[in-house]
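Let chain S serve as the given structure and place chain D on it in line with the hints.
2 protein chains.
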Amino acid sequence: MAKEKKLVESITSMSEDFAQWYTDVVKKAELVEYSNVRGCMIIRPNGYAIWENIQKELDRRFKETGVENVYMPMFIPESLLQKEKDHVEGFAPEVAWVTQGGLETLPERLCVRPTSETLFCDFYSRIIQSHRDLPKLYNQWCSVVRWEKTTRPFLRSAEFLWQEGHTAHATEEEAEARTIQMLNVYADFCEEELAIPVIKGRKTDKEKFAGAHSTYTIEALMHDGKALQSGTSHNFGDGFAKAFDIQYSDSQNQLQYVHQTSWGMSTRIIGALIMVHGDDSGLKLPPRIAPVQAMVIPISQRKEGVMEKAASLRDVLKEAGIRVKLDDSDKSPGWKFSEQEMRGIPIRVEIGPKDMEQNQAVIVRRDTREKLVVSLDELAEKAKEILDCIQKDMLARAKEHLKEHTYVARDYEEFKKIVAEKPGFVKMMWCGDEACELKIKEDTTATSRCMPFEQEQITDVCPVCGKPAKTMVYWGKAY
Amino acid sequence: MAKEKKLVESITSMSEDFAQWYTDVVKKAELVEYSNVRGCMIIRPNGYAIWENIQKELDRRFKETGVENVYMPMFIPESLLQKEKDHVEGFAPEVAWVTQGGLETLPERLCVRPTSETLFCDFYSRIIQSHRDLPKLYNQWCSVVRWEKTTRPFLRSAEFLWQEGHTAHATEEEAEARTIQMLNVYADFCEEELAIPVIKGRKTDKEKFAGAHSTYTIEALMHDGKALQSGTSHNFGDGFAKAFDIQYSDSQNQLQYVHQTSWGMSTRIIGALIMVHGDDSGLKLPPRIAPVQAMVIPISQRKEGVMEKAASLRDVLKEAGIRVKLDDSDKSPGWKFSEQEMRGIPIRVEIGPKDMEQNQAVIVRRDTREKLVVSLDELAEKAKEILDCIQKDMLARAKEHLKEHTYVARDYEEFKKIVAEKPGFVKMMWCGDEACELKIKEDTTATSRCMPFEQEQITDVCPVCGKPAKTMVYWGKAY
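Those protein sequence lines, which keep their order, are chains S and D. Throughout the first sequence, residue numbering follows full-length UniProt numbering, covering 1 to 479 in sequence. Throughout the second sequence, residue numbering follows full-length UniProt numbering, covering 1 to 479 in sequence.
A hint or two may mislead.
As the list claims (entries may be wrong) - List of simulated lysine to aspartate or glutamate pairs, DMTMM-like, C-alpha gap at most 20 Å:
1. S/427 to S/400
2. S/427 to S/224
3. S/27 to D/133
4. D/28 to S/68
5. D/382 to D/370
6. S/318 to D/64
7. D/417 to D/442
8. S/226 to S/442
9. S/200 to S/176
10. S/56 to D/357
11. S/63 to D/315
12. D/318 to S/64
13. S/56 to D/52
14. S/85 to S/108
15. D/83 to D/68
16. S/325 to D/64
17. S/331 to D/250
18. D/325 to S/400
19. D/384 to D/192
20. D/27 to S/68
21. S/63 to D/319
22. S/242 to S/64
By construction, these hints were calculated from the structure, which means they are not laboratory data.
Bound-form chain S, shown alone (with noise of 0.2 Å):
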């Protein structure tokens, strides 16, 4: 028994230390390993699999709205990352630069992508010439550097894995409206795969992307009340057009600039559903992103036929769709358990004989640690029904959560007070002022996570100074 509680016992309870509580369950849950490498993770086999999932999953989605994948170089030159202005001030400090190659000092220095809009324009620059070309829907998957002081595994790290989306279109609506499309397919997938709700806005003229018009943002509540950012949407306007000369001509032979947006995710969403789903006994993952969805767990292994009959539960399982697994080793049930427990299976099946004696098998839920007795002769329907109701219980629950952490204020000592005692959000109007959202930063930490779709009329003023309200603004402290 020592031996099988060590692994539950091994992790912070997330009441005592959140953040402690997350680092132990990532590596715990084996998603990540450390490496030799300053600020850069290994993504372990149980992690990448769920990354794997995200990937399938939005890349459908995606392709489902005329998106085609590409692949862009990895490398960009000083001279292209310069060329549009508050593009560069937003990311030259915090990028690495290639120097020399082989045993070559290079003639300028290449700078390791840390977002890849530049490479883009470049080559929109060159496949762009009618408005037959248009519109372009570009994407790729692939890892980005930024060279960040302080890292934690999935939330921020050196090196990180997302899909980055690029278009151009001929028109400004139209880029506007994929700009929103595109916020949408990302709200949904949170919503429908992982059972994470979203609040969907946009971004002050502060928090926004170095080079866009305008950025909006899913923003998603963790367990402890703090905010992330889990997905953003940009509308880039003709601005980058202007700054690499990306011009179509249109159906009256006029020179046009175009109009471009770009919109990504990365593996920060992990984060996220770690975060939102997990309780001290480790992960838990919504069925339809778990690489795993179920696990079978022989009891009295060595007891004739047990293990025979759990393989075959595995085969019926399997048959019928699900992801399923077999634990054979030579652990304890009580380890097996924790350990499906800790990687967060959203549900595990047993079987022994007394189970067999009487034609069933032993579901047991890892949300509720509910157990339910199923027939034999019915397993996989039932775990299908489990399977879905673990995914809407999931999503209600975190929706119940949101809810329950959202707070209003009236004003600003009453905001104050919120964010110092209340983890979560908190509904407030503001005059779209940026000297307000950095007294509002620099006296509690909180930031504007979002000026949300849904608007209420809260107050006629903002709160900290009084002028006229514009907006209501989400404000949160964030990852």
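Quick look at chain D alone, frame taken from chain S:
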């Protein structure tokens, strides 16, 4: 008509200048665009979609053998690269070095991975303790960088995409078996999916991978009679394990070094696809790997009902599981045919008013240009049959080409004559001495491609030096 001819006329014929033909096809089929980054290419949607299909199919085959995917950092600290002596000697001259991060100069240079043996070894040394932890069967899909002087799209570029599998085993036998197993996965994949027959064998010591005990290879023959190394699988023995101290305790609790393998296939294989199957009209893709298998092209598309009918044929084919597109652009049919041929789409389906009257369509095979009139009642069925037939025929033709261009040399004069006059493989015996290998290369520019698994005893002595022959070798000029 002038415009229609342009697409085809704009590419050089194979017989005139094969290298230029290759470059033209790559560009006109829109597989690749050159970039502003030295030695790096942009893989466009038509090219990347081929890579996605390759990935999907290879990845499925890897996973069937128990392989799991991971992601390792893209940077390797110089000290880590230097741990295995042969390895660093092989790669150090051709790597790109990061020396600055953000605004600071790094205390230690980081190279951008040219391959990840050293990172996997470091990782394995952390996570392998017991024989229960073995085998480890990991793979990653990523990009790597080798600072090549001369570059050609897909065949040789400063950055390229690939997969690299890295495994660790308890015994020498198991590592050797895995090395061969993965070589067979590559060979089967090439034959079954890409319709490319390959020669399987072992590399000579001179040609093996830096740090490997033995390197196995699959060698394919291009249309111009030059060889292309298309995939390699390495057995490292315990050399890396000793350099990186990767030990496990065996069942008797004794410390043992692991035995390791690695194996890789890259975007280079797209070069093989082009050069094995292509012709003067462009690319010719085997149906199983083609991103688009059928293009529906309406004839007299402005006539009433034609476009609607064409769309309905597209839907019928899609429904049947064929990857199909409809070319509903306002280009002429002739231009559309040229584009479909240039892109190597295996079949086109022509439908016009006359066909509609007779409830038929015309299917044109890309590989043979054969036209088949097909009743619309059995369109999907026939299209599938034709696609299967194309796949088989393309492999058969490639096999025939390989056979016709494989020669046997019994003496060295004959060998030199063949190499000079007949592009292809030459089978000749070898004593095993590197001096003879070097002499052959100097005299003819041909290199040893591999010592094939299927051996023959052509002569008893090495035709170069007259010493006893040890093995038969495939020799040839190579990309």
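If you check each hint against the structure, which ones fail? Violated: hints 10, 15, 18, 22.
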